[in-house]
Structure formats: C-alpha cells, structure tokens
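Residue numbers (the numbering used here), protein chains in the order written: chain A, 21 to 686; chain B, 122 to 521.
To be clear, the hints were calculated from the coordinates, so they are not data collected in a lab. From a predicted model like this one, the values you see are computed outputs, not experimental measurements. Just so it is clear, CB atoms sit at the ideal spot from N, CA and C, and this is done for glycine as well. Some hints could be false.
Said to hold, decoys possible - Covered stretches of chain B (in silico footprint by chain A; criterion: 3 or more residues with CB under 8 Å from a CB of chain A, positions within the stretch not fixed): (1) 424-433; (2) 441-451; (3) 469-479.
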Amino acid sequence: MSAAETHGTLGRKKKKKIFTRKMQARFLLVFCVVLVAFFILIIRIMILRQKHGIDYSNAVLSHQSYINTNIPYERGKILDRNGAVLAKNVVTYNVILDPSVVNANKGMFVEPTVNAITKAFPVNAADLQKILKDKPDSKYIILLKDRPYEEVKHFNELQEANHKVVKGVWFETKFTRVYPYGSLASHVVGFINSDHSTGIGIEKLYDSYLTGKSGRESGYYDNELNLVEKTWPATDGDTVFSTIDVAVQTAVERHIKQFNAEYGCENIGVIVMNPNNGEIYAMASNEGFDLNNPFYLPEENPNNNTQSTSDNADKAGDAGNDENGNGEGDGENGTDDENEAEKAALKERQKRLDAIWKNFCIQYTFEPGSTFKCITVAAALEEGAATPDSKYWCAGLTELDQYKIKCNAKHSDVTLEQSLMYSCNMAMIDISAKLGKTTFRSYQERFGFGYPTGIDLTAEEKGILIPDSNLNLVELATSSFGQGFNVTMVQMAAAYSSIVNGGYYYTPHVVKKIVNSEGATVYEAKNTIAARTVSKSTAEFIRKATLETVRGGTAKKAAVKGYDVGGKTGTAQKGIRSEGRYIVSFIGSVPAENPQVVIYVVIDEVHNEELHNKSTPATQLTSEILKDILPHLGLYPSDGEIDYGVEIEHEDEVAGEVTGPDEHNH
Amino acid sequence: MAKDLSTIKNSLRKEDGGREDRKKVSAEKHYYDYTLLFLILFLTCFGLVMIYSISAFNATKYYDNATLFVRNQAIFAVGGTIVMILVSKFDYHWYIQKFGTKKVQISILTIAYVVCFVMQILVLKIGDGTNGSNRWIPIGFFKLQPSELSKVMIVLMTAYIVYVSPKRLDRFSGYARLLVFTAPIIGLIALENLTTAAIIGGIVLVVPFVSSRKLLYFLAVLGAVLLIGILFIHFKGYRLARIDVWKDIENTPGGYQILQGLYAIASGGWFGKGLGNSIQKLGYIPEVHTDMIFTCIVEELGIVGGLLLICVYIILLIRIYKIAVNAPDLFGSLICVGVFVQIALQAILNIAVVTNTIPSTGIPLPFISYGGSSLAFLMLEMGLVLNVSNQIDYNAQLPQ
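Bound-form chain B, shown alone (with noise of 0.2 Å):
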C-alpha cells in the first residue's frame, strides 16, 4: 500500500521535474518518532525521582537502604527501555504473520493469546497474595503479573480482528467476534484484578468504535459493560465498601490512605513544598510510592507541578494520535488506539482515584509509580508505537 502510494507520488514528480535519484533515497528513508522516545524517557527519569524522594524514607526506615526502591525502579527502567528500543525495531506485522504447515497456521500473537489464557488461570491458583487479591506469579527472582501481559496482547489482538475486516464491526454480530475472543481474558482478569479488567474492557470497546462506522450499539454495549461491573461489585464486598469510603471519605475509616492522600494534594499549595520536603511520605500514605504518588508529587511540587506532569501526558498522547493518523496501515494504526486508550485511561483513572474522584481502586500512574512489572511491559508497548512511527513513509508525509 505504501508502495503504491508513494508510485503514484513518485509519478507526480516525475510530471513536476522528475528527479528520480532524490525519489530513490527518500524512498529508504523512514520516520522514527524522536519526540515519543524523549517523553516516554523523561517520563521515566521524572519517576526514578519522585520514587527515590518519596520512597527514601520508608525505604531506610524497614529495609535500612534508602535507595532500594529506585534501584529496583532503575533496573527495570534500564531493562525497558532496552526492551523497548528492540521491539522498535521489529516490524509489528511479524506478530500476527502465520508460520507452520500448510493445515495448521499458528502467528505469535495466537500463541500469546493461549499464554495468556494458561496464566491467568495459573495466577487465580498459585498466585502470591500481595494486595488481598492474587495478581503475581513468581518467576524466578522475578514476579510477573500476567494481567500486564494480558494487556499487550489485547491490545494487538483486538487491533488484529478489526484490522481482518474493519466493515464487520458494522453490525453487532462483528463485535460479538470480537468479544468472543476476548471476553475470556477479561473475565479471568476480573476475578482477580477488577480494575485492570476494566482498563482492557477500556481497549476492547474504544478500538471497534473508533473503528465502526455506527455508534448506537456502542451505547448499548457501554451500558452493558457497566451493568456487568455493578453486578460484580456486588458479588465482591469489599468493593461495595469502597464506595461508601468515597462518598464520606472523611468520616469512614476504610478512607485512610485516600485521605492522607488529600491532605498531601491539599497542603501543597500552588508551587508545593519543595522536592523532597513532603510530610505525608514520612509513612502517613500507605503505598505512597506506589499507586499515591501522584499526591506527594502535587504535595512537594505544587499544582502546578501536577499540572505540568498532566500536561506531559497529554502531548505524550497526541504523539501517539499522531503516528496512530499517520500509520502505513490500519493494524499500526488500531495498535496505537489500543495503547493510547491505555494510557490515557490509567493516568485518569490513577489521579482520579487519589482525587476522591471516583471510589479508590488501585491504579498505577504510567510511567511514575513503582512497579517494574508494569513499567517494563508499558515500554514494551511503547516500543510497538515506535515501530509504527518508524514505519511511516516521508512520502507518504507529503501533502494529501
């Protein structure tokens, strides 16, 4: 497709003055988003920081090493980022190519699918209780949380089925596919993690409707999904708890660590107090290096830190419209959506959270909050995007 674009291009200049030797190294010359690569790094340096100022504390008061929480941080981000640049480089057509004999055809993604499925199985049995829910496997040294795969996979197996036959979508029956396919992971994924259940549903819904061209049944499915989530809240009881702890979070006792939150949003004013000099880390915020991080950020940097931080998220997210606009074909551009809509939905989700927003669910802040897991497979997606960007043709840039 981008051949035949930039043949007809090529034709046009030909008419215009026809320098062929101009054509032909431009034609090998190919787009790689600088821009994307720089936010995705600062992103990651700014969170090394936040997590060594406000992790310091507790980190030398239980472990006596006021550095192990950034060290860990850093050898993830190291990893990532290598992990990142690589999967940049290979070409996101490789994971849906089918390989095998002529009856039976098997891609990668199709294998991850099934990994997937086999360890989200595997996790509701053998995993290692950390938060009341089980969400890690241990792997060696290693703990993986299979839901952060899980999300990687969605995300190209969702752009995958609506890239096969985007007009399906069109009628209900095509997202009933879709759904077929993916609805098991999600359930699975919701048995143990309701949030990140919901932040696939997220992808699931928003890629088929950016990509049909009809917009009623969405609603419908929407208000579906939403059912579907009250339902299990009610199943769950301590969830329901939680929505108690939202609506007086001042006067309810669950709503100690989204309130201690508060007061560190609150009590930092407009330019906040100064890097490092936040009280509410000093072992007030449970899990403030975690999934609250975002309120000792706005608590030692002000508003209009936080302000800025959302800021560098909305133009990491319009980097990623622009190459999801911008992509050779329809796959890299669905693949973006799927990513976008994750980022956008986790960071919403995190601050709207730690705001008392919504009721309190945990969320961790991309790019910022501790966790290796989640940090090295968000890079590994952000290395599909980049691959995507690097696959955009400068003639195919030209004027449309």
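In isolation and in its complexed conformation, chain A is listed as follows (with noise of 0.2 Å):
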C-alpha cells in the first residue's frame, strides 16, 4: 500500500489539506456560473425554434428534392417464347407546375405560361389560372400524368421560343406499362397496380423479379464546402420469358373471337400445351380484357362520363389508387347516405372487374364429363381393372340404388377402345365397380385432382372432389364419367398430358426463364417430373383408343387433314339437372402416336339450342384451332400442305351422352 503511505507522509509533514468550506462555496458558485450558461443554451434553442422554426424546417424539407434524387429504375419485359414483347415500358413526363415561380413578377409570367401548357398539353386555361390563383405560393403541383414525349416537345419548343416569360414548368419522367398486344393473353401476362398491391397473372407473381432497385442522384458539401454530386444507378427489373406463343395465342383467340360472334357462350376456354414438359403455349380465358387499360369496364364507357372513369382511362397502372383517392374526395363533400351508396358502388365496380380478370382456365371450375374417360379407363389398366380385351355390355340403361343412370345410346357389346369411341357410361360404371372406390380416389389424386397443380398463375383453383364419406355406388358410377365433382381446365390438361406422354406427370407453367438486367439467366423452370401417373403401356394403349375416337367415335369433327389427333369428347351437365345446361369439351393430342401438343377446349352453355347440348362446338373449335397452330409449333400435315377447308362432315352426334341421376325419377 504504498499510496496510503504516501499519503500518511504528506498528512505527518504538514497539516492535512481540506476542502475547505470556503473552496466549497467558490466552487459552488462555479457551478452556479455552468448553471447558467446551461439555461441561456435552452432559452437559444427555444428562441431558434420560435424565430425559425418555419423558414428552417422548409429549408430542411426543400433539401429532399434539391440534392437527393430518385432515378427510376425499368420494370422487367415480358416476352413470349420466342422473343415478341407482351410488356414492355415507354418514358412519359409528369408535368409539374411550380405556381409560386408563375406568379413571380407581378404576374407576367402567367399569360405566357398558360398558354404554352395548354397549346402543349391537353388541359384547359380555366383549370390552370384556377389552379394559380387557389394556390398562388405552392411550389409543386402534379399538373399531368403519363404525357408522351411528343407532348412535351412540343412545349419546350414553344418554351424555347419564349424563355424569358415561359416558366415555372417542368418534368418528371417516369416509365409507363404498355402492353403492345392488348388484351392478347391477359390473364396469363396480368398487371399490377403502382403499389404493387392489386394484381394478376405473371406481372402479379412475378413482381419481385420484375421489380428492380431505383437508384439514388445525391449532392454532398465536403470539407472546403464543394458540393460534390454522387450517382447510384437503377438497377433495371429482370426480363421474364413466357412459355406463351403469340402466334398460337393469337389463332386460339381469334377462333374465340370468331366462335362469340358466330354462336356465344357463357364462358369458354382453351389451354394448349407441351405434354412433354408442361409448357403452356397458349391460355385464353374469354376474349380477356385490354391491359393497358385493366380497370376499365366495357358497359361504363357510353353513358358514364365521370371522374373517376376519366382519370383510369388516362392512367391504368395508378387507377387502383386514384379510385380511392376519389372516392374519400367525393365523400367528404357529400352526405352519409351518398357517401354509402358510393361505397356500394365502388364495390359493385370491384366486383364485376374481378369478373373479368377471373382467368377460366385455372379460376373456374366445372364437371368435366366424359372427357374423364380417358382418366377411369387408364386407372383400370393399371391396377389390372380392366384389359385392353376386356368387353362390357350396355343395355343402355342401368339401375343403381334406385337411380337410372343412362347412357348416349343402346352399344350392346363394346370393348374396352369401344367404351372410348363411343363414350359409353355403362363400361365405366362396370370399370369403376371393379376398381372399388379407395382405388378410385387414390387414381383421382395421383392425377392431381383436388389439389392445385401449381401453375405459375395468381389465385388457382383446386376443385371439389366428392369427400371419402360420400363416395358411394352412385357417386362412384358417375363419377367415372366425369360428374359429380368439379375440376379445372388445367388440372385436366396437366392429367391427361400425363397419361398420353408416357406417364410423366408435368407441372404446367407459363414461365420458361428469367433472365437479369446484365444477361445472366435467374431462374429456369425445371421440367422435372413431379409425378408418375401410368405405365408406358397403359399411356399406348390410350393413345391407340383416343385416336380411334377421333377417327371413328363421337370425336370425329376433332380430325385435322393431314394430322393424327387423339382426343376425347365430353359433354357434361352443369347445376340442377333439369335446367339442362351443358359443358361441353373436347381434349386431345397431336401427333396421336408420339403427341407433341395437347389441346383442351371447354365451352360453358353455348348459346345455340340444337348445339347446346352437343360437343360439336368443341370439336370443331379444337379442328380449326389445330389447323392453324400446328404449322406454328412446327408440326406439319403428311401431305405437305397446309389445308385451309377442312370440309365438315354433317353427321348428327348421338344426343344427350350423360344423364346423370336425375330427382325427378323417383
């Protein structure tokens, strides 16, 4: 302890030195002094904040757009197969009006200036001299949205022509969503609103990839006070390759198009597909709807003349927000009961717009009818439920648990190929009976059914089985010819590519690759098998039956001149049974012998009463469709030629292929 020795030395020498009580004050008083000066700083402060606070917190506020910039980045493309540009981006201008800078001068500026914007811009002098007097200090007024180069051109020439009392105007540029082909494919290549938050489609799901990173333009002062400027450049959102094909997309729609006009239906749909990888080359959904202009609707166009329509018309992607923009604007104007029926309305609005971006084909489900055939009879030769030799018998007519199932026709002896020409209910009832329900349902899964298949697309359906409980003798018999339990377009495409490829179930998807801003590829579908479904065998087998339909069976105005298409026809009945309201389908394969595609064509009520109830508007549909598309996805016709007059065979098709159990028969 030498320090306490120390300080014993020191205390012995001399008289230990205190603090004395006289030290203690001075130092208080110090502390007084530092006390002080303490308040005086909080009174500057405060006094700062009464004396400046405005100037100074606008002069803070002015920084954010002075020094620091944001530089937009590109949304990524979106191209179809081969490289045609479904999405891409234009530059437009915000027009910016700067009031407080018009007003300068004694208001010189204004006349000059208004006439420039409005010889310029479509806008009208009433609006802008209102918008200068209401608010004459304001220094940032969005004037327009989404103008065109060519508009603001135009106004800096006349600026030019006059700089010296033109001002007070400037730009902001911005990229824009343009979709060069309209509604073509527009549920499948979808759109997203400016906030990212309502969406459909590829540009919904696809947004993170899509999306890229806004780069930064910022201005420093360094230690001698320069204002140095620093540049972070966007990075651009990545280009996303559709598996779509324009070409076949357009044929396909333009059939539909041609199918409205000539009978309309309900709903119709059309998938066309790659079995051998589960590559969608074409997905229409209805005539679709125009997506550059998403929250437009048709029936608003002639009578409505009102605010909100005017400004979505002017800018698709930001309707969704100026919508409601408007809408608590109106509100807060108007009464409770107004600002109700406006709630109710825009609801209204919401609703029918969801209408028509609901894509058909994943979105909607239905009975599938025979078309399921193909399914059951797979299963059977499977499981060794039935044999290519194997023969039933249809009387017709049968009987199971008081209910009359009936069949399209009396076939007496049919063989197994037979029960899928002619489509014969009595042969499936017999099949499904031997498979047993577990079997059954265990086959309806492996083929996806009941469950979503995964498709890249937003808001998929998965359909509605009949539950284990429920599946009973009757359940099970119709169901073996495709009634009593919903599926949709794809999971129907998706099973029976499956079975006519040789048994590899495909995940079907509408997006090939992504590749980055700089080239390198991000993302690539895999086409790896996700499941197995059927034995080589068992697929030959059904690709021998399916051509042999179109061939020879109910399916015949399927065929294409010059091509092997196998296929299948269904025609199911929708809802109470004897509103009698039909589904009609027709899915097939070409080449039959090695398919290459596979086309699936639902039609929901046609809107012709000799046809409604018949799969002729399918097949037909599927043999023109074909006619145009294979040449595109490089299948040729045997003979070399290209047929543009398929003749059509005038053969009545046998009538009312399913009756399901019917309440009124007992």
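Using the supplied hints, reconstruct the complex from the two chains, each of which is provided in its own coordinate frame.
Here you go:
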C-alpha cells in the first residue's frame, strides 16, 4: 500500500489539507455559472425554434427534392417464347407546375405560360388559372401524369421561343407499362397497379423479379464546402420469358372471337400446352381485357363520364389508387347516404372487375364429363381392373340404388377401346365398380385432382372432389364418367398430358426463364417430373383409343386433314340437372402416336338451341384452332400442304351422352 | 487525516455506547459512486445509439458499411470502460508519489508532463493533418491526439501544484508559479488547437480560483487571457473569418455547416422527428456525427430530447461536485474540480457553437460525439474521479 504511505507521509509532515468550506462555496459559485450557461443555451434553442422554426423546417424539406433525387428503375419486360414483347415500358412525363414561380414578377409570366401549356397539353386554361389562383405560393403541383414525349417536346419548343416569360413548369420522367398486344393473353400476362397491391398473372406472381431497384442521385458538401454529386444507377428489373407463343395465342383468341360471333356462350376456355414438359403455349379465357387499361369496364363507356372513369382511362397503372383517392374526396363533400351509396357502387364495380379478371382456365371449376373417361380407363389398366381385351355390355340404361343412369345409346357389346370411342357410360360404371372406391380416389389424387397443379399464375382453384365418406355406389358410378365432382381446365389438361406422354406428370407453367439486366439467367423452369401416373403400355393404349375416337368415334369433327389427332369429347350437365345446361369440351393431342401438343377446349353453355348439349362446337373449334396453330409449332401435315378448308361432316352426334341421377325420376 | 477524523468520531461513538465491532467493520468500508458510473455508461451508450442513427447513412455511402462508425466507437467505449474501472481502483496519490534515488526524485506526473511536452512539439512537426490543423500522432493503427493526454496531465498537475501549497495562491506570485508550469504546454496546444487550449486554460484558471481566498486578481488574469486570445485570433486568419460567419450566419458562405445545424435544431420541434428520421444527417451537415451531433439529436428527439440530455450532464456534474466536496483530501477535491470544469466547458462550448451562440470552433460533445481518443481519455479522467469517490470513508461521511 504505497499510496497509503504517501498519503500518510504527506499528512504527517504538514497539516492535513482539505477542501475547505470557503473552497466549497467557490466551487458552488462555479457550478452556478455553469447552470446559468446551460440555461442560456436552452433559451437559445427555444428562440431558434420560435424565430426560425418554419423557415428552417422548409429549408430542410426542400433538401429532399433538391439534392436527393430518385432515379426510376425500368420494370422488366415480359416476352413470349420467341422473344415477342408482351409487356414493356415507355418513358412518359409528369408535368409539374410551380405556381410560386409562374405568379412571380407581378403576374407577367402567367398568360404566356398558360398559353404554352394549353397549346402543348390537353388541359384547359380556366382550370390552370384556377390552380394558379387557389394555390399561388405552392411550389409543386402535379398538373398532368404520363404525358408522351411528343407533347413535352412541343412544350419545350414553345418555351424556347419564349423563354423569358414561360416559367415555372418542369417534368419528371417516369416509366409507364405498355402491353403492345393489348388484350392478348391478358389473364396470363396480367397486370399490377402502381403500389404493387392489386394484380394478376405473371406481372403479380413474378413481381419480385420484374421490380428493379431505384437509383439515387445525391449531392453533399465536402470539407471545403464544395458541392460533390454522386450517382448510384438504378438496377432494372429482370426480363421474363414466357412459354406463351404469341402466334398460337393470337390464333386461339381469333377463333374464340369468331365462335362467340357465330354462336356465343357463357364462358370459353382454351389451353394449348406441350405434354412433354408442361409448358403452356396458349391459355385463353373468354375474350380477355385490355391490359393497358385493366380497370376499365366496357359497360361504363357510353354513358358514364364521371371523373373516376376518365382518370382511369388516362392512367391504367395508377387507377386503383386514384379511385380510392376520388372516393374519399367525394365522400367528404357528400352526406352519409351518398357516402354509403358510393361505397356500394365501388364494391359493385370491383366485383365486375374481378369477373373480367377471372381466368376461366384456372379459376373456374366444372364437372369434366366424358373427357374424364380416359383417366378412369387408364387407372383400370394400371390396376388390372381392365385389360385391352375386356368386354362390356351396354343396355343403354342401368339402375343403381334407385337411380337410373342412362347411356347415350344402347351400345350392346363394347370393347375397352370402343367404350372410349363411343363414350359408353355403362362400361365405365363396370370398370369403376371393379376398381373400387379407394383405388378410384387414389387415382383421382394421383392425377392431381383436388389439388392445385401449382401453375405459376395467381389464384388457382383446386376443384372439389366428392368426400371419401360420400363416395358411394352411385357417386362412384357417376364419377367414372366425370360427373359429380369439379375440376379446373388446367388440372384436366395436365392430367391428360401425363397419360399421353407416357406417364410423366409435369407441373404446367407459363414462365420458361428469367434473365436479369446483365443477361444472366436467374431462374429457369425445371422440367422435373412431379409424379409418375401410368405405365408406358397404358399410355400406348389410351393414345390409340383416342386416335380411334377421332377417326371413328364421337370426336370425328376434331380431325384435321393431314394430322393424326387423338382425343376425347365431353358433354357434362351443369348445376341442377333439369335445367339442361351443358358444358361441352374436347381434349386431344397431336400427333396421336407421339403427342407434341395437347389442346383442351371447354365451352360453357353454348348459346344455340340445337347444339347446346352436343360436343360438336368444341370438336369443331378444336379442329379449326389446330389447323392454324400446328404449323407454327413445327408440326406439318403429312401431305405437306396446309389445308385451309376442312370439310365439315354433317353427321348427327348422339344426343344426351350423359344423364346423371335425375331428381325427378324417383 | 481520514484516520484522524475517524479516531475522533470513534471516540464520540465510544461515548455514545462504544460499539467497537461495528466501527471496525465500517472503517474498512469505502464508498464507490455507482450513480456516477451509471451516468457515464448511460451517456456513452446513448452516444453509441445516436452515432449509429446519425452516421449510418454516410457510412453506407462512403464505406459501404452502415455500422463502421458505431463499431469503431464501441471498441473505444469498451476499452475506455475497462481503463476507467482500472484507474478507479488505483489510488490517485500514486501519481504524485516520488520515487528514485535520494538525490533525483521523480513521480509519474513528472514523467507524464515531460511526455506531453515532447508530444506536443512532435505533433506540430509530424502531425497528420485532418481538419486543416495538425492534431494527431499516428501510433500503429491508432491515431493519438496528444492534447487529450495533456488535458488529463494538466488536471492532475494543477491539482497537485495547488494542493502542495494552497495559501500561496493568495498572492499573484503563487499563481504565476502555477502558470510557469502550465503555460508552455497550453502555448504549444494553442498553436495547433486553440479550443483545447482554451479548455485547458479554463482548468488552470478555475482550479486556483476555487482554492484561493482572493478574487480580484483572477479577474485580471481572466482579462489577460481574453486579450491573448484576441491577439491570437488576429494572427490566425481563418479564425477571424469565423467571427464574420457568426455575425451573419445565413448570408456568409462559410456558415454552411452551422446553418445546416441550425436547420436541424429548428426543424425538430418539441418532440423531434423520431429516432433515425433526421433529414439533415443525410449528407447536409458535414461532420454530423462528431462535433455537430447535438443538432441531429435535437432534430430526431426534439427540444425535449436536447433538454433531457443537458439535464443528464447537469446530474453528472452534481455527482462530481458531491465527490469533490466529500473527497478525503484537497488533492482529490481539486482533481474533481478540474474534471468538472473540463466536462462543463466542453458541453457548454459545443452546444453554444452548434446553436451559433459563439463563433464556430471544433469541440466534441463529451461522451456522445464520435471520436475514440476523446472518449477514452474522458473515461480515464472519470476513472480518477471514481477513485476519489472510492476513497471517501463512510465514517467521514457522518454529519460534520
């Protein structure tokens, strides 16, 4: 303890020195001076706030736009499988008005500036004058949004000619999404609104790839107080290559339009896909909607000229936001009742929009009907419940649990192949009875029914199977020919593809690969097999049977000259049986022996008294579509000629293929 | 002395009831000012939070590492805390204990004095220019600011000289004796950093003022110091320019930094924009995380936040004041007075500069501003104060 010793020595030598009372008082005096100093500083801070608070806060706010500017990124493009542009961007300009500048100098800038603006842009002088009068000191007003380059150029020329008096207008550049093909493949390509909240299709699902990163331009002062500017460039979004083929999609949509013009229907959906990897070539759902203006409702056009509609027409991408903005703005002025009505109207409008955005191919479930027979037969062959040589007896009618089930005709003796060719319900009932309900259900699931296929589109439905507990004799029987449970088009197309390609279930998809702005591939759809469904021999049998169905069975009208088309028709009753509403369909593959293309056409309630319960519209439409698209997909007719005039055979198809359990029969 | 006092008190106790056991136990017990320790750590941690909030933008921008500054500061904060706790366990009399042969006797303080002197000369020659003036000596990875060490040394030196013979200060010659020792160092520091010299000058002025019984000649000395300061300003051109800036901050080009700081303070409002929401930190205020940090604290936490921070400083100063009053001897008290003066001056001058109350000059805000050397040496000084507190005897604390 040397310190203690020192202490001790010092203490002993002289009288111990302490911090006397007087010193303490002096120190207290110093402390008081310090407190006074702190007090003065606090007062000083408050005075600063009081005196300059508003000025200085404004100075701080002005910094944001002055030195830090945002550089917009370009959203990634969406291309079709051959590089045709489905979605791209164009540079547009927001017109910014600075009334404080326009009104400066005793108003001498007002008239020439207003003149120049009204000449170049679609805005009227009175509105402009009103803004200048109402907000004379404002520094930033967005006058117009998304104006094209031509208008801006025009204005710049006007301004140059008169640069001393045309003042207080500038432009913000911005990218606006453009869909060159308009409504083509609208449900697949999709759209997204500016705040990325509402959207469908690829635009919505692949938003994280398509969205880039904004850049920044910023200035700062160094030690010598020089302004140094620095730029961080924007990273553009990735380019998405779709599996869609514009040529195929165009042909499909053209035929849908033609069909609607000729017959009309409630809904129509067409899927064209590659069975060997799950790529969708075309997916059409009704006639689509204009992607450049997805918030537009056709029925609003003629007599509705409210603000919100014209706004929506102007700026497609922002429409979702603007609408809310307008809704609130109007609500403030109106009474509560008006407010309620407004809300209800908005809700109603949203409902109708949702309806046109609905993708029939993946979001609509229906009873597949006889097309499902291929799956029942395939399952039976797999399980040994049937062999290619099996024979069945069709009396045209059978009774199960007091339910009468009819066939489309009395087929008498039918082979397994003929049961598909003539679409015999009695054979199916026998087959499914042999399979048993557990096995039947396990095959339904193996083929992906009751589950979403996982296609890369938004809001896919999964269909509805009959619950295990309810799958009794009658339900099993009707299920065997595709009635009583609901599927989506894409489930059916994927399941059928997996049979004809030899038993490999590929997840259907609409995006092939994604390439970033530097050209590197960041995502590639892997053609991995999601499941094995059937064996090669079963596949072989079904391919042959479907070929025969088109050659000599119910689907003759699906034939295309020069091609071997294989396929199966379907006519399913919809809803309450007595209403007699039908969904007709055809699913097929080309070439039948080695399928490269699978096509599925579903027509919901054909608007035609004679044809509404016949599969003819579906087979005919398929044939017409196939004829146009096959050469695009590299499949040429065997005679080397593309035939533009298929003869339509006027052979009556057997009516009422399926008559399910009829409530009125007992 | 402490023992003397305790003997007296013990005898008083004996008269009371003579409980010797209790006396023995309590005689061993020493006080330790945990409140002060807590305040120091609180301020340091608060500083780290604010440095992170305020420097993250610039650190990302220039170094691509948002946590660069806060990490560096945290290393010094941890190191400083360790140093502080070690120093607080070393008897402060140890620094003035003489050792050596009978003829040549030196103390650690003497060695420190010589080292500071040499380094202050050295820094003028080889110093690494950071802000126009040469203030740093690079030692390996670490850049030492010798004036920080000099501050500690002067606190001890002044306290020691006054402690040896407080009565001498009643005459001017006694004060002159103190100046003979300290003036050369202050002069050397003033050559490269007038502000630090002024703070050290403040210590050398206030400590004798507190211990002397005379008042008048201190005012004379104060006048003389001011005169010297003004002369100095005339020699160094750029310092004069700062006065022009101070007079008309909004229209003088050199006022950019302070003006931006004022924008920050005035735009914060009563409760501020919220932690992390300062706009002025985004490249507008140069040196925002060092000397200008108070402006962004007010911008983010508001006038109320700034006020609370000042309150914490005042509470810290009250603790140091209490320790000085209760210290076991005059030397300890005067160390506390020296440290008190330094912290009070730094805090007041820093806030005065950023509010444009006085012409601009570079002083870090104690415990908060970014700067490792400043923080580490401040903590070292707080270690000294804590050691003084540690030597307060509980028995001596009984009513006098």
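Structure-based check of each hint:
{"no.": "1", "hint": "424-433", "result": "holds (count 4)"}
{"no.": "2", "hint": "441-451", "result": "holds (count 6)"}
{"no.": "3", "hint": "469-479", "result": "holds (count 5)"}
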